[in-house]
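Protein sequences appear in the order of chains U and R. Anchor point for the first sequence: position 12 equals 12 in the working numbering, and the numbering is continuous, going up by one each time. Anchor point for the second sequence: position 46 equals 46 in the working numbering, and the numbering is continuous, going up by one each time.
Be aware that a few hints might be false.
[Stated by the list, open to error] Label-pair ranges, simulated between beta-carbon atoms:
no.: 1; chain 1: U; residue 1: 41; chain 2: R; residue 2: 85; range: 41 to 51 Å
no.: 2; chain 1: R; residue 1: 332; chain 2: U; residue 2: 62; range: 18 to 28 Å
no.: 3; chain 1: R; residue 1: 246; chain 2: U; residue 2: 41; range: 50 to 60 Å
no.: 4; chain 1: R; residue 1: 209; chain 2: U; residue 2: 63; range: 33 to 43 Å
no.: 5; chain 1: U; residue 1: 63; chain 2: R; residue 2: 320; range: 30 to 40 Å
no.: 6; chain 1: R; residue 1: 238; chain 2: U; residue 2: 13; range: 14 to 24 Å
no.: 7; chain 1: R; residue 1: 75; chain 2: U; residue 2: 63; range: 39 to 49 Å
no.: 8; chain 1: U; residue 1: 80; chain 2: R; residue 2: 332; range: 30 to 40 Å
no.: 9; chain 1: U; residue 1: 62; chain 2: R; residue 2: 124; range: 34 to 44 Å
no.: 10; chain 1: R; residue 1: 76; chain 2: U; residue 2: 13; range: 16 to 26 Å
Treat the hints as calculated values from the structure; they're not laboratory data. Backbone N, C-alpha and C define an ideal beta-carbon position, used for all residues, glycine too.
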Amino acid sequence: MITGHLPRDLAEEFQSPAALTVEGVDTLTALWAVMERRHPGLGRWLCEPDGAMRQHLTLFVGWRRVPWADAPLPRAEGQEVWILRAVSGG
Amino acid sequence: MSSTGEAAGTLSAPQVERYHRQIILPELGLAGQRDLLARRVLVVGAGALGSPAALYLAAAGVGTIGIADGDRVDVSNLHRQVLHGTGDVGRPKTASAKNRLAALNPGVRVVEHRQYLDRTNVLAVMAQYDVVVDGSDSFATRYLVNDAAVQLGKPLVSAAILRFEGQLLVFRPGAGCYRCVFPEPPPAGTVPNCAEAGVLGAVAGVVGSAQAVEALKLLAEVGEPAVGRLSLYDAWTGTWQQVRFHRDPTCAVCGDRPTITSLIDYDAWCGVPADSASEGAPEVSAEEAWRLHQSGVPLVDVRPLAEYRRGHVRGSVPVGPVADGSDLPASVAGAAAPLVVCVCLQGVRSAQAARRFSAAGQRAVSLQGGLLAWARAGLPWDSSSAGD
Ligand SMILES: [Zn+2]
């Protein structure tokens, strides 16, 4: 099981909960696919057409940042996954 | 404080009285208070976050507090920018802040930097301070302040808020920077700001106060500053979460081989449209762009090359982010290209680029919806490195 956490405004845009629980996926790529299936448009918002996560997003798996350049994407079974982007309000 | 006179050293009796509840914290003590009184902190932005941060820093007795902001107080600021009052509407925020902080604690020196920080002034301003607290309200300023902090080797306490959420990050030289966590800002127009999406004022109180706490620990060199951690506050659920990060060796600014070694044009890099270019740009649908391309009109991709490589409209030419309209390469511009179609991922940056080209005399239109709309229309795209 993976729990994927999204920025609240993004989750709302795609009528998704801010924390999605997904069973039976063990890679992040699979997680994006499930997100897209459940909330059409969300997966496409997160990924480039070739499946790579968009460059302005940052990813934390198991509470640690996964450097963008790292490939392949880590296995994530049982993990908390945080998908974040910078915000500028102040 | 029985031994006040001797132990207080340079602290006066009124100072000991004022800071007593803080001095009796054994972790801080008289020495810590003396340190705070000798320290200098810069607060960037006298807004929602800068307000509580500056108030607590002044109350705590940080000796010199710089406030950098070029804005004036607006009545719509008052629900969250608690440095300012109704009577301050229309005044420069730095002046209002100075009055408020002086009223709170006349024993600290408040320095007004009545200007927006930019690449021409940021180094000179920040160099005067020991710690920088960033509560600015734009991506351009955030990345500017970060890059300057790395250059100057200054600790930085950065925070941002939106709606019910807040982010807090603490950086010390050598232990990562804002770009290690967020290498790029979101494409302009894809993440709303507080003016567009709103913010609960008290969220700024929580997060800005947390900034003050982190800055005080850095200034007094006590406790465990939250260096290397991104703290996420969700006011909706009333929870804090923390995730960890390290210095990223590939970071453009603090990595092993930095590619950004001097300050850049942050507005252009963040895709901020120039004020005069805020009118809508002519847009064409994916199908129309396809027809234009078939008839010889160049498609120019205005995203960074790395983004282009991951996926782009077939036949498009990468020209990179367009800072001003004279950037069009000679191979594309000229008599052969009376018109160009600008392309990006979602159509936001391409619209800005088209406006800039048009302002420079190059006719340009923007692909509405960008590469995503193009791909949805079933038109061909590539992810090869054809742009090399
Ligand atoms: Zn960095």
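field: Numbered hints the structure breaks, given as an ascending list
entry: The structure breaks hints 2, 3, 4 and 8; every other hint is satisfied.
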